[in-house]
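S.K.: Listed below, chain by chain, are the residues.
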Amino acid sequence: MKTKAFQRIYTRIENITKATCTVLADGVANEEMAYVDSRPAQVVKIAGNRITLQVFPGTQGIATNAEVVFMGKPPTVTVSDAMRGRFFNAYGQPIDGGPAIEGEEREIGGPSVNPVRRKQPSELIATGIAGIDLNNTLVTGQKIPFFADPDQPYNIVMADVALRAKADIIILGGMGMPHDDYLYYKTLFDNAGALDRIISFMNTTDNPPVERLLVPDMCLTTAEYFAVEKNAKVLVLLTDMTLFADALAIVSNRMDQIPSKDSMPGSLYSDLAKIYEKAVQFPDGGSITIIAVTTLSGGDITHAIPDNTGYITEGQLYLRRDTDIGKVIIDPFRSLSRLKQLVIGKKSRKDHPQVMNAGVRLYADAANAKTKLENGFDLSDYDKRALDFAHEYSRELLAIDVNIDVDKMLDTSWALMGKYFSKDEVGIKQEFMDKHWAGK
Amino acid sequence: MSTRGKVTGIVANLVTIEVDGPVGQNEICYIDYLGTKLMAEVIKIGGKNAYVQVFESTRGLFVGCTAEFTGHMLEVTLGPGMLSRNYDGLQNNLNTMDGTFLQRGQYTAALDDTTLWEFKPLAKVNDIVQSADWLGEVTEGWINHKVMVPFTFAGTGTIKSIAPAGTYKVHDTIAVVTDSEGVERKLDMTMKWPVKIEVRTYENKPRPFKIFETGIRCIDAINPMVEGGTGFIPGPFGCGKTVLQHLLAKHAEADLIIVVACGERANEVVEIFTEFPELDDPRTGRKLMERTIIICNTSNMPVAAREASVYTGMTIAEYYRAMGLKILLLADSTSRWAQALREMSNRMEELPGPDAFPMDLPAIISNFYSRAGYVNLRNGTTGSITFIGTVSPAGGNLKEPVTESTKKAARAFYALAQSRADSKRYPAIDPIDSYSKYLEYAEVVEYFDKALEKGWVDKVLKMKDMLLRGKEARDQINILGDDGVPVEYHITFNKAEIIDFIILQQDAFDTIDQSTSLDRQRYMVNKVLDIGATAFAFDNFDEISAYFKKVINLLKQMNYQEYKSETFGSFEKELEKLLSERRKAA
Chain A
1 MKTKAFQRIY
11 TRIENITKAT
21 CTVLADGVAN
31 EEMAYVDSRP
41 AQVVKIAGNR
51 ITLQVFPGTQ
61 GIATNAEVVF
71 MGKPPTVTVS
81 DAMRGRFFNA
91 YGQPIDGGPA
101 IEGEEREIGG
111 PSVNPVRRKQ
121 PSELIATGIA
131 GIDLNNTLVT
141 GQKIPFFADP
151 DQPYNIVMAD
161 VALRAKADII
171 ILGGMGMPHD
181 DYLYYKTLFD
191 NAGALDRIIS
201 FMNTTDNPPV
211 ERLLVPDMCL
221 TTAEYFAVEK
231 NAKVLVLLTD
241 MTLFADALAI
251 VSNRMDQIPS
261 KDSMPGSLYS
271 DLAKIYEKAV
281 QFPDGGSITI
291 IAVTTLSGGD
301 ITHAIPDNTG
311 YITEGQLYLR
321 RDTDIGKVII
331 DPFRSLSRLK
341 QLVIGKKSRK
351 DHPQVMNAGV
361 RLYADAANAK
371 TKLENGFDLS
381 DYDKRALDFA
391 HEYSRELLAI
401 DVNIDVDKML
411 DTSWALMGKY
421 FSKDEVGIKQ
431 EFMDKHWAGK
Chain B
1 MSTRGKVTGI
11 VANLVTIEVD
21 GPVGQNEICY
31 IDYLGTKLMA
41 EVIKIGGKNA
51 YVQVFESTRG
61 LFVGCTAEFT
71 GHMLEVTLGP
81 GMLSRNYDGL
91 QNNLNTMDGT
101 FLQRGQYTAA
111 LDDTTLWEFK
121 PLAKVNDIVQ
131 SADWLGEVTE
141 GWINHKVMVP
151 FTFAGTGTIK
161 SIAPAGTYKV
171 HDTIAVVTDS
181 EGVERKLDMT
191 MKWPVKIEVR
201 TYENKPRPFK
211 IFETGIRCID
221 AINPMVEGGT
231 GFIPGPFGCG
241 KTVLQHLLAK
251 HAEADLIIVV
261 ACGERANEVV
271 EIFTEFPELD
281 DPRTGRKLME
291 RTIIICNTSN
301 MPVAAREASV
311 YTGMTIAEYY
321 RAMGLKILLL
331 ADSTSRWAQA
341 LREMSNRMEE
351 LPGPDAFPMD
361 LPAIISNFYS
371 RAGYVNLRNG
381 TTGSITFIGT
391 VSPAGGNLKE
401 PVTESTKKAA
411 RAFYALAQSR
421 ADSKRYPAID
431 PIDSYSKYLE
441 YAEVVEYFDK
451 ALEKGWVDKV
461 LKMKDMLLRG
471 KEARDQINIL
481 GDDGVPVEYH
491 ITFNKAEIID
501 FIILQQDAFD
511 TIDQSTSLDR
521 QRYMVNKVLD
531 IGATAFAFDN
541 FDEISAYFKK
551 VINLLKQMNY
561 QEYKSETFGS
571 FEKELEKLLS
581 ERRKAA
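Taken in sequence, the protein lines are chains A and B.
Quick note on the numbering used here: the first sequence kicks off at 1 and runs consecutively.
Quick note on the numbering used here: the second sequence kicks off at 1 and runs consecutively.
Don't read these hints as lab results, they were simulated from the structure.
A few of these clues could be false.
Stated by the list, open to error - The calculated lysine-lysine pairs, modelled on DSSO-like cross-linking and capped at a C-alpha distance of 30 Å, are:
hint : chain 1 : residue 1 : chain 2 : residue 2
1    : B       : 424       : A       : 327
2    : A       : 347       : B       : 424
3    : A       : 384       : B       : 6
4    : B       : 6         : A       : 372
5    : A       : 429       : B       : 550
6    : B       : 454       : B       : 471
7    : B       : 287       : A       : 423
8    : A       : 429       : B       : 577
9    : A       : 261       : B       : 399
10   : A       : 45        : B       : 6
11   : B       : 454       : A       : 370
12   : B       : 287       : A       : 346
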């Protein structure tokens with residue numbers, strides 16, 4: 001960091017905690033960026049001339065006479081088309097060895113969209129994963145998390161979604177991402193030759209946790225640039241939001257705030273909503289869609305983080321290991337996309353809603369049959385057929401390694417239903433039966 | 001000269017201002033940030049320091065910014081032209097704002113001051129008037145909007161002059177009133193009122209007694225709402241809270257619907273913006289938007305304005321109630337409002353109550369709910385505000401402070417159950433956990449006796465008993481197995497299933513079934529109770545389920561037909577035939 005002539009420098013630090021320090025200074029603006037002993041920091045509290053700074057990398061080794069330089073502006077990101085294919089840290093600085101970005105400097109965490117200027121989301125985003133496209137269809141302008149246990153391959157699924165989704169720009173925000181996963185993403189994107197539409201902001205496990213707080217806003221301010229200025233369809237991937245919330249808790253704790261449920265700050269709902277609500281469909285065609293990862297602790301969704309997330313997002317996706325087929329699938333029962341009604345049967349084939357419901361219902365019959373089997377009851381012929389159907393349905397459609405288009409998903413569903421069931425067992429409207437029925 | 005001050009401290013949206021004169025609790029001030037005025041409300045005073053919550057982002061604010069105090073609390077502007085508007089929590093018109101993004105410091109007028117209104121006087125010269133008396137009326141959409149003496153008018157006054165019938169703008173003088181001090185006051189069609197204070201211009205507030213028709217069977221027929229009543233809907237996410245509120249807004253029998261979208265998803269409000277101007281109001285044939293006002297403060301808009309939004313909605317409702325109208329006020333979700341209170345209390349370093357909510361949360365909630373109600377106006381007419389709020393309990397646990405405090409304040413409780421939502425039994429209101437205290441009101445019982453059918457409330461209670469017995473029977477069957485219980489248990493369970501499928505469940509997407517008239521509900525409830533009272537002859541449990549499935553299917557088909565139509569009748573005949581097959585000879 002170079003100091004410039006007009007910058008004000010202070011050296012009277014009064015108070016230091018693990019994440020914050022308080023310095024005596026004048027004329028400081030709220031949320032202004034500063035450097036404490038060359039470490040990036042942000043103003044979080046002003047009481048007269050006592051300025052409390054949140055020091056992102058932590059305060060280890062900072063002395064009371066350290067230099068504090070105020071930057072006179074809130075955190076910013078420099079946006080331009082040249083960001084495509086680049087990797088940045090939480091401060092928006094390149095970490096891929098490439099040159100600095102030249103372009104427009106924008107404050108991050110800007111104002112929200114006037115709700116009357118939004119448009120109702122109505123465009124389908126295909127991912128090729130049938131567990132998503134067929135049963136939990138995503139829509140541009142939607143926000144949806146994966147609720148996953150830490151041992152599940154959510155980062156791999158996210159990478160697949162990123163590579164396959166028909167989006168103009170994909171922005172990946174990594175928070176507390178294991179360094180190995182970061183390298184995985186980097187190699188994968190390189191090899192896929194998809195780099196020119198991917199932009200990444202990375203905070204890995206070897207970076208200080210408090211830095212993560214900047215990552216979502218960096219991603220979303222960049223997303224707004226592309227969605228508003230270029231009318232681009234932007235997909236933002238945020239992983240892992242649980243680690244983001246943990247960082248919020250650390251800071252609020254250091255500032256002596258009273259914790260609410262699960263030691264989380266009382267403002268957790270608003271803090272998360274501010275991020276997720278950046279998902280939007282603009283009238284001019286640009287959109288921001290957010291797919292996030294919220295890791296759970298032992299599948300507990302009543303914990304404050306998934307609970308507040310569930311109230312904010314438009315549905316959630318669950319991963320589950322299906323031991324019958326030995327693959328990870330998108331759980332069709334607990335997953336939900338609240339916006340799918342806006343597109344299925346409208347932007348996809350007309351039989352989509354009915355085929356989706358029939359498929360899941362028959363899959364549920366198989367689950368009941370399985371319970372029966374486990375409890376030692378005899379299976380009926382229908383039960384046996386349902387089990388066979390479920391096995392194939394899981395392998396051909398629910399597994400996360402499936403990559404086909406929506407029409408093919410529908411055709412596969414028809415083929416499987418026709419193979420195992422009779423006409424009156426599937427309960428689909430006659431007009432679709434006449435057109436698509438593939439069985440006897 | 002008004003009080004001024006200087007900013008001395010900032011934490012998030014809590015700002016400390018050192019003042020040079022008197023300031024009032026809840027007074028509004030504007031902080032000057034490099035020429036942009038940021039609105040704020042005083043929430044604590046200590047010595048020369050006023051602690052204010054800013055209704056906007058405080059980014060960039062610094063020590064030394066000046067502030068000017070206005071001398072009044074947070075107010076809304078009331079007058080013709082609010083119908084069909086989309087306001088934010090501070091009553092700024094969202095449609096007249098510039099740009100795609102909300103710019104801070106941008107405040108837009110609540111009323112359009114250029115619209116011409118066709119005014120007809122109702123009062124005449126020398127009439128003695130007091131606050132809220134009707135001076136005249138204008139036609140606002142399809143509502144006879146009364147132009148009233150301002151609610152703030154103290155004592156009585158005499159009308160010195162009143163404008164003749166004609167077209168006027170909202171700020172044109174339409175009357176001159178000499179007040180009790182002998183001062184002549186020019187009145188126009190608008191007035192201001194502080195949102196946190198209840199409007200008490202009515203004669204009295206009796207106990208509510210009239211049924212408030214919602215068209216939703218599990219409310220009307222099981223736990224009815226009354227005109228001027230209060231209710232709340234708690235439920236974990238994904239149980240259909242918002243869908244239920246939208247249904248209420250679409251079908252409830254009210255003159256005016258005010259929807260407060262308080263800290264919820266923006267896309268849900270966009271859904272109202274997109275659909276309500278298209279949907280027809282089944283009663284008037286007009287568009288739903290024509291009887292709707294939306295107060296929209298979504299979760300990403302400033303927290304302090306979220307807290308204000310519910311009060312803004314309530315005050316607008318009180319204004320229209322004073323015209324003798326029937327208003328339904330919906331707030332989704334009051335938990336977000338409570339969370340806004342918690343965030344501020346936390347920043348002021350107050351000692352916290354349970355789950356870090358402020359200690360006086362129950363009092364704040366109950367004060368708010370008590371502003372709803374059925375009122376007799378001084379001129380002999382009546383008006384009402386029916387208030388239904390949703391609660392989003394953390395972790396779906398109903399033993400959390402917001403749900404518990406609301407339970408003490410609201411008289412009807414519509415518990416959404418995850419288990420019902422999971423089995424797609426919509427609306428997912430649990431019939432056993434939910435209640436309506438209004439069923440205990442003698443006035444309500446009497447009203448039902450007259451308006452619907454003698455002994456109606458007893459029938460409602462009978463249905464509830466049947467549901468409870470059905471649940472007990474099902475529990476026994478689950479424990480002891482299908483053949484481990486007497487056949488009678490299966491019949492009891494299936495009779496309860498009939499109530500569940502025919503009365504409780506309702507298809508929100510079917511044009512006929514989505515809203516049911518009271519008369520039709522009466523008919524179907526009697527039908528179902530008749531079946532409940534019937535003794536059936538079965539020897540074996542395995543015939544029962546298939547038989548009742550057929551019964552349910554026929555009743556369901558009846559629900560899907562036009563009431564008393566030919567097809568309705570033919571399904572009914574088929575049903576009678578089916579019932580007679582198994583009816584035990586007396």
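S.K.: Determine for every hint whether it applies to the structure shown.
M.R.: For each hint, the structure was consulted:
no.	hint	result
1	B:424 x A:327	holds, 28 Å
2	A:347 x B:424	holds, 25 Å
3	A:384 x B:6	violated, 77 Å
4	B:6 x A:372	violated, 73 Å
5	A:429 x B:550	holds, 20 Å
6	B:454 x B:471	holds, 28 Å
7	B:287 x A:423	violated, 42 Å
8	A:429 x B:577	holds, 28 Å
9	A:261 x B:399	holds, 13 Å
10	A:45 x B:6	holds, 16 Å
11	B:454 x A:370	violated, 51 Å
12	B:287 x A:346	holds, 24 Å
Of the hints listed earlier, those the structure fails to meet are numbers 3, 4, 7, 11, in rising order.
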